[in-house]
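Based on the sequences and whatever the hints tell you, model everything.
Mapping of the sequence shown onto the UniProt record's numbering: position 791 corresponds to residue 791, and the numbering continues sequentially without gaps.
Since the hints were made in silico from the structure, they are not lab data.
Owing to the predicted nature of the structure, the values given are computational and were not obtained by experimental measurement.
Just so you know, even glycine gets a beta-carbon here, dropped at the ideal spot from N, CA and C.
Be aware that one or more of the hints could be misleading.
[Said to hold, decoys possible] The following label-pair restraints were derived from C-beta to C-beta distances:
#, residue 1, residue 2, range
1, N770, K837, 53 to 61 Å
2, S559, R816, 43 to 51 Å
3, F751, K361, 52 to 60 Å
[As the list claims (entries may be wrong)] Once the Cα atoms are required to be at most 27 Å apart in a straight line, the calculated BS3-like pairs of lysine-lysine come out as:
#, residue 1, residue 2
4, K1221, K1251
5, K192, K231
6, K911, K200
7, K639, K670
8, K390, K511
9, K367, K511
10, K576, K562
11, K733, K746
12, K231, K308
13, K653, K606
14, K247, K192
15, K1251, K907
16, K1255, K1004
17, K492, K399
18, K322, K289
19, K1255, K1221
20, K1005, K1255
21, K1251, K1004
22, K834, K821
23, K1132, K889
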Amino acid sequence: MTSNSNSNRFNDGEVTEQSLSDNQNVGSINLSSLNLTNVSNSQVVHGHDSHVGLLNVNDNYNVNPSLALDSNLMYSTSSVRRRRSIDVTDDYTDVSHKKSSKRSSNQVTDKNDPVIINSSTARVNSVISSTSDSVNQQDIGNNHYDVSADNNKLNQRFSITNESTRYALTRFPFSPFVLQFKSGKVTVNQVKDELIRHCKTVHQIDIHILNCRLIKPSSNINQYNILIYVKDVTSFACFLNHEHWPKLLGNESYILSSLPSIPPQLCCIIKNVDLNINYDEFCEAIHNKFPEVKNIVRLKNKFQNDIKMVKLELTCPNVRDKLLNDRRILINHISYVVAEFLAPAHVLICSKCMALGHFQKQCSQTKETCRTCSEVVDNMKNHICSKIEKCTHCQSNHKSSSLKCPVVKAYRAELTRKLLHLNNPPAATVDINNIMQNYVYKSSNFSPPPVSYASAINSTINPMINPMMKKLDELMNTMSEMKNQLASFEVKQNTIEQFIIAKQEGDDLIKQNLDALAQNQLDMKKDVIHHGLFIDRHENLFMNLLLPMFQDVFIFISSLNKDKKGNTLDTDLKDKIECYLKQMNKVKEGENKNGGVLMLVKNFIKVSRIECKLPNVCVVDVKGVEVVRLLGVYAPTSKSWNWQDLSPYVTKKCIIYGDFNVDFCQDIQKAESLLSWADEHFLAPFLTGMPTSLRSDREVDYAFASNINITIQAYSGKTSSDHVPILSVIPFKIEENNVGKNVHWKVFSLFTEYTFSFWEGLWNFDNLDNLYNDYTKFLFLLSARCTIVFPIEKYRPAIPVELRSFLSFIRALSFRQMRTKCSELRNEVNCLRKIAKKELKNFFSSNLSSVLRFRNSSSPAGNFFWSRTKKHLKPSSSSVHALIDSSGKANKDPVLMCEVAADYYEKFFRKSVIIRPHPYTDSPFLHHENVDELIPEVTLEELIYTVQVKRKKKSVDAHGICNYMFNFLDLTHWSLFLTLFNHSFKNTILPDAWKETRMILIAKKESICSPALTRPISLIDSFLKIGERLFLNRFRDVLLRRGLLPDNQSGFRDGFRLQTRLLLFLEDVYSLMSNSAPVCTMFIDFRSAFDQLWHSGCVGKLFRLGIPRSYILWTDAWLRRRRCYIEIKGHKSRYFNIEKGGPQGSVLTPTLFISYHCDMGQFLSSCTSHFFADDVAAILAGQMGVRFTDQCLDLEKRVKSFLDRLEFYSCLSDQPLNRSKTDALFSARAIGLPKFTISFDSDGGDEIKWKKEYKYLGYIISSKLGWGKLIKDVE
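Right, here's the structure in full:
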């Protein structure tokens, strides 16, 4: 589908701009800005060929504008110009002829006719005959040309479809603004929202963006462009000013490479600008008077000559509206007319048949038409174009989609006329033609005029003069009609002659091409015969000379492969020679030497090959739950076996694939023989239903199966073979092989040491992301290359090297005894075997005792044993077996489980809606003395120590790297990461790969549950863990120096133990109970505490707590733009963004969490609080020294006040509470539970339950604070 996309290509004679660029009209037209080129010094006319053109005033065609205007108004059917446009009669010069006085009075239209003057329709292009100068002069002089007839012909020729109108109206109204980003991942919605918000808040301008598009060029991976399409002219004018654009979008810098061209909605035209004026002074005067004018362009006609029209391109729509409303502009004391500048419509051209007015999907033509040569072909991909341009519309020498075509030009004019008619429907007018057709003249209705004296005398003297004059008039009218018909015949004759000439030229060209093809075919036949002779000669040479020579050489070599006694020296050489001789014999016997069958089986499938001596036949048994036999067959015409020879290899469950070289429809006799043999063995054929041989167009590749139902189809893609591959699916259950893996870490370590110099040369931070991705990919592929896979069933414990050498010696000695048949050697072998068995028994017993001795120790052997056996000791597993989706259906498929989990956690990690302004993010900053403190650099000794003390786990991250690999990574490589960590701390830059996380799910209780009952564990980048540990050491030092963490927070802090926190908690409760006060202990639970961390609030709060700027910027870069995928049973979900929370597997997340909530105790000042990370215990007591009833009432008030403060802090910090798991423990000397209830809401909702005992920090605490329950559980 092609369309008119360049607005600077007009019809012949249309006005074009001098500085119009190719990308001026990227968007579509605006219906209110359609252009029919109503120029001031030109008259739009129609010829007989419906070709649109322009007649300048300087041409020989002089037309009375008043007559042309009135005649068009008489026969106009639709409006082609807005009613607000002014009259253009001043743009023409009235020309009078000497013979005009002799014209008949009935041929001149009365200018005072109310039907014409008061008509609301706009003028239509005047229709003037263009056959010859004389005819034109006669038509203009006599005004006999039938305008309505020509317009009717044009309307009959072109039918403007709804598709053309919709295509012209549904384009974007303005050209896009192109924003170029070189880094980051800014979304189109983010750009759109930030632009609207920036213009609203900063410039108080409401803009409307119609659409945004993301374009990624293929040259640069990181670079991408975003196209902004605006909706109205106000938004476009706003973006034309560079000051209205924000400096950053999505925290990323961008480049506004070039502004789009000014659209027609911001343009207007000044008419009747003299060609001889000083154009520079004229432009300077306009710029001084209207600074909003950006460009001033003198328009040109189709001959590239300047005309009396000047186009103004403005940047303010209000100034343009003012100029159009005033309709005149005063420049250098001269008043000029101002009119609206309109744009042409886009033409819809079908890309299949090159016709006008419909889309490709609606095209009824079955074949395709070439847009260059207009040839109709079946498939355009196979079409070889002659490169001779020929239009399918007008048969001229240009492309069918060219805008130079007169048919396309006329169609665009009619389309534009229809669009303007739809936009500005004409008012109700009087149909003059219908009135004249229904009018009946009656002389009785009119009184005769008074007869003059002279006419009365003439009629009396010569009564025959009037009839003669009437006949002469009729004769002249008939001659005029005949002249017009002869002129039209002449035009048709010229067209026919041009068509015949073009047809003769085309026939000559086709004849030349056919002769060239015939000659090429003859030359090709000669080459084929010549090459066939060469092939036959070479085959004869190979068969008669080389094969016998090789056979004699092999026989000679086999004779040399024997000793004096005739025994074979090298059995492998003998087998190879015998194989070579068999293959040469097959070639001599005529078997297809290019044939063969190859079966490829994956290593986890158990198969066994069945020996088969038939050539080009391969037989294997696939072992699973059941054994299925597979036969691969290649049966050429020259095969040396028949179908019955395959019978011994057919089993009850059998499948035969291959090229049988038999088509069931074309090879009747061969097919009957094959099918009769298949019926004997109950084999059912499975066909693809299409030809598989590309040479013979036959279906010769298929399958036979017995007692098994398979599916088969032909491959639809491209292939280099002369046969179409066939694809088949076998319903077969395979027993999974339990395999083990072993990594040669010594090879890994040596190879990393060898490649250090290579990576040292590449270690440059100009393209950090690509460098880091290449390095992690190198480590992953290297570890995979050093990994070997072996079946577990073949696993044997390793024995010492000395014992293995001793066993090898015994095996070699036994082979010698078998060859020599020596009895003494046999006795020696038996004696040595007994010694070996005894040594093996002693080794295994000692090994077992050592394993049992170290099993309960902290040695690696003990840790390995318990890590493997703990899953068998647990009553339930924490792995997820199935996930329940929103509809309540349990999904066990790992792929569906991944998608269900990804959908849930994508919504879960979506950032909350925070009401701004907020004290954490919008309150004024406080200046601290350490605001400019930098993160200390890392030393190599510190880095290596951090790596060595890191726990070496084998769980891999998103890139396949594990901590265990660091034990064998050469130490020189850590010098590279030393520069990387220091560069990251200094410039707050993190590779994008550090923010990609592999997430696994652990069931909280049941293995079949919804995603909400799972716990996400983030396996972050292994190298990032080292960087987090280094940053954490420095961050803790800042927290210690600032004294931000309270003493009642014991979680994840050095020097604060859990047992100490528990004892302090019990001591506080004991002290309150000793004063005879009822005590209420609130155990508060936050819902997914670490996963609900508010990023912006955390960063803003750390700023106000006095954390140095460098630490906060690195923390902000670490939190933002993270993404992860969920992995379940080896299947991965899609990546999704994490907009809140910290990684569960990070060492930095707990410290960041307790720093964010370091002031929680100040909000809960009415109680004694104890914190251990996200576990909060608040102790409240009633008033002392009063009655117990009053103490309980006072305690109730304090609890409710405490819950109000807790809810306020939860909303302020965006840390939601888990109300269902928040419990209360009542402790008092009195017996029983309190008489009052406590809840979060005043109406009694979300009631908090009173517990008799509670498990706090792993210890069970009762209401009486006794130790009996704890001691019983420990026992």
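So, going through the hints one by one against the coordinates:
Range check, N770 to K837: Cβ separation about 60 Å, and the 53 to 61 Å hint holds. A hinted range of 43 to 51 Å is violated for the C-beta pair S559 and R816, which are about 26 Å apart. A C-beta distance of roughly 58 Å is found between F751 and K361, which places it inside the suggested range of 52 to 60 Å. Between K1221 and K1251 the CA atoms are separated by roughly 11 Å; this keeps the pair inside 27 Å, and the hint holds.
Annotation: proposed proximity of K192 to K231 holds, straight-line Cα distance about 13 Å (limit 27 Å). Our distance criterion of 27 Å between C-alpha atoms is met by K911 and K200, whose separation comes to about 24 Å. Taken as a hint, the K639 and K670 pair is honoured in the structure, with Cα atoms around 14 Å apart against an allowance of 27 Å. Straight-line distance between C-alpha atoms of K390 and K511 comes to about 18 Å, which keeps the hinted pair within the 27 Å bound.
Proximity of K367 to K511 is assessed by CA-CA distance (about 24 Å); at most 27 Å being required, the pair is judged to hold. The hinted pair formed by K576 and K562 meets the criterion: a straight-line CA distance of about 15 Å does not exceed 27 Å. Proposed proximity of K733 and K746 is contradicted: the alpha carbons are some 39 Å apart, above 27 Å. Under the criterion of a C-alpha separation no larger than 27 Å, the hint pairing K231 with K308 is inconsistent with the structure, at around 33 Å.
Restraint check for K653 and K606: the C-alpha separation of about 16 Å stays at or below 27 Å, so the hint holds. Our distance criterion of 27 Å between C-alpha atoms is met by K247 and K192, whose separation comes to about 14 Å. Taken as a hint, the K1251 and K907 pair is broken in the structure, with Cα atoms around 34 Å apart against an allowance of 27 Å. Between K1255 and K1004, the direct Cα distance comes to roughly 17 Å. Compliance with the 27 Å bound is thereby established for this hinted pair.
A hinted pair counts as satisfied when its Cα atoms are at most 27 Å apart, and K492 with K399 qualifies at roughly 24 Å. Of the pairs offered as hints, the one joining K322 and K289 holds, with about 13 Å between alpha carbons and a cut-off of 27 Å not exceeded. Distance hint between K1255 and K1221 is fulfilled; the C-alpha atoms sit about 12 Å from each other, no more than 27 Å. Among the hinted pairs, K1005 with K1255 is consistent with the structure: their alpha-carbon atoms are about 17 Å apart, no more than 27 Å.
Taken as a hint, the K1251 and K1004 pair is honoured in the structure, with Cα atoms around 22 Å apart against an allowance of 27 Å. For the given pair, K834 sits about 20 Å from K821 by alpha-carbon distance, which is consistent with the 27 Å threshold. Restraint check for K1132 and K889: the C-alpha separation of about 21 Å stays at or below 27 Å, so the hint holds.
When each numbered hint is compared with the structure, violations occur for hints 2, 11, 12 and 15.
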